[in-house]
Amino acid sequence: MNSVYVVSTGLASDPEAVTKEPRYRKATRGMILANSSIEQTMLGFDREAVREDCGLVLGSCHGELEVTIDFLRTLSQTGVARPILFQNSLHNSTTGFLAMTWRITGPLLTVSRLHFTGEDALATGHLLVRHGLCNFCLITAVDARVAEMVEGLNETKIRSRYTGEGAGAVLLASSTGLERVGRTPRCELIAVNCVNAPTHALTDSPGHYESNGVELFVRALADDEVLNNISLYKPDGSHSLLTWR
Amino acid sequence: MNKLEMNLSPLPADRDQLVQELKALIIHAVNLHHLAPEEIRSDTAFGPDGLNLDSVDVLEVVVAVEQRYQLKVKDAEVGRQHFGTIGNIADFILQNRV
Amino acid sequence: MAVWVTGQGAITCSGSSIDALWQAARHGTSGLKDGLGYIPDQAFIEGRAQLADNPLFAKVTLPPNRAKELALLTLEQAVRRAGWTELRPTDGFILATTTGQIPQWDKALTSYLLGTLAKLEFVEAVQHQPLGDLLDSVCSRIGFSGRQLLVTSACAASTQALAIAAMWLEQGLVDRCIVGGAEVLCDLTIQGFSSLQLLSRKASQPFDLHRSGINLSEGAGFLCLESEPSDRSLACLSGFGLSSDGYHMTAPQPEGHGCRKAMAAALASAALACADIDWIHAHGTGSTHNDSAEAAAIRSLFSNDPPWVSSSKWVHGHALGASGVIESILCIEALRHQIVLKTHGLEQPDPALHLRHPPTNVPTKIQHILKNTLGFGGTNAALVWSAI
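Chains as they are written, first to last, in our numbering: chain B, 14 to 258; chain P, 719 to 816; chain C, 50 to 437.
Looking at chain B on its own, in the form it has when it is part of the complex (with noise of 0.2 Å):
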């Protein structure tokens, strides 16, 4: 079995800021808030040389689930079923628009289990990368904003998942993939352990946004340099373990 390291990361950046652009012309702002992630994670990296053999496992818990709305909605008002609103409506249509972007010909899988979802993507990268089946990964999880269910929220003082948004991404590689790169790692990753809680219960946590275990994953490496583990408790009293060394 490989051993797997992390070999550079990256968060999502504003979307507004791109979204006319003509390469954004389909995508979704989950799909912005993703690619905006990975590209900061391959800045300064031959894109050629990683792509030839490298995996993307893509976490969101709610998917397109704006694009969804839009679909059903456009159908159920006037009778017409749009194409590329149904082709972006699956959660692993954004899995697909990042494959096409970064011509990824290493497997490619789409994950989603509610506050476990980011946890769920960076153990399955991996899984891939410790199991030989490709030298480079890219991790991401995302969920971006739903208007239509913040609004109501609002409106209804309903307790939710849906409040925030964000993304983060980090690239995996074994050892053979840092050497074809040339770099050092930041850690080596060791496990990723997801730990439920008896029960299931919704809490107040605003900003919060499910899929979000990538960007504190993120955040805590670049915070502490000797950290090696963290602990992320959900707002339901389930936690994951991340470790590293």
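Derived from the structure by calculation, the hints contain no laboratory data. Errors might be hidden in some of the hints.
As the list claims (entries may be wrong) - No more than 30 Å apart at the CA atoms, straight line, and that leaves these computed lysine-lysine pairs for DSS-like:
(1) K156(C) / K790(P)
(2) K251(C) / K414(C)
(3) K39(B) / K790(P)
(4) K82(C) / K391(C)
(5) K792(P) / K251(C)
(6) K82(C) / K790(P)
(7) K82(C) / K156(C)
(8) K82(C) / K792(P)
(9) K790(P) / K251(C)
(10) K108(C) / K82(C)
(11) K168(C) / K156(C)
(12) K156(C) / K251(C)
(13) K170(B) / K414(C)
(14) K156(C) / K39(B)
(15) K156(C) / K170(B)
(16) K792(P) / K39(B)
(17) K251(C) / K82(C)
What the hints assert, rightly or not - Just some of the chain P residues that point at chain C, by a computed CB distance under 10 Å:
(18) L753
(19) L771
(20) D772
(21) S773
(22) V774
(23) E778
Idealized CB from N, CA, C, for every residue including glycine.
Since chain B is already given, all that's left is putting chains P and C on it; use the hints.
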């Protein structure tokens, strides 16, 4: 002009006006807002040599045209044959409009 | 590599059991009506009766959600067949779905837009949109607390789930693993696939010159996997390959480059050569582009001596994320019965595809079957199933 206004406005009187309206409709349907209508000619190809639209973009254009001009494009074959340029679409609409 | 299947369950538009599915595939009975494959009510009734009869599931309350119920009923079949009397914290559980939660909230949205539902109720319904809710609900109902994952990579989802389970077992992350897929029909997929001009109103005709599109269907399949063979073993998952096209959101790369890469990786991980494969159970959806890209990939990889190639989509339709596991179950049954299935619905083979179609169901020695899937987003996954 948003989609609703376009649907309520009277249909264009001649082919030139129709072509102008189609440019706006297509820019809106497949989000080509980075282009000005003058940059699209009636014979600009939709494919890689022109607007670089893919097959799903063309389906989106078909849906928008069907809705605006109250006609039905029968199948993929008709779509490909008549939805290669704005000029093609204008001719198709003029032949099929009730 | 090798991991072993000890239990399997399926509920499809062909009925409430593996046997119903196998008989339909063998004798050419299509579960599709007007181009769609709904699971008959009777299948749910039979499933509920069986569930109540299993001590491990007797206390499970069935949720008012079609996909969750479907997952629980099918899971029960698999666990019963495997002879598992308990679920352990060291077991794993991987679920694949795309549409599972949509019926929880799509009608509420429409009613809200039409003004017949209050905003409060609409917002509450959409709270159940996350797919993780489906996995969470199934696991908590059966009291399962071990390692879990939900894969939602469209049509390749459950094939990928099986590959991940194999890696979990090989890396010792779990001792045993449940893998399943469940899909239901909803407006989003029916109208959506229709808008892409991909749906056929009649039963699909994979690889036919006149093929006109796919059939969406409901269905669930579950497998119990173990890392060691035993007298309960039904078949062996001996290889997998995963790849991406990086080409288009909804169309496969025309020459099937990604699909070929996934098949080649599956053969390599099984340490097999092309000549070892007796039959390719194709994705074969009956859409123009899928079948031609998949055929190109097969021709390119198996240049000299292509094995039999067939698809069973005419029988059970395309259950999207669940299709990989449902069709894997047909591969396992074919290995057990030593029969290569023909492509039902194929009348006039498309000569451009150059595939070797079984003229009829062929009783023959089968050791290895390659199972292929291609999905939206350019996701490809292939498995090798081997006889014990």
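Hints breached by this structure:
2, 10, 13, 18 and 19
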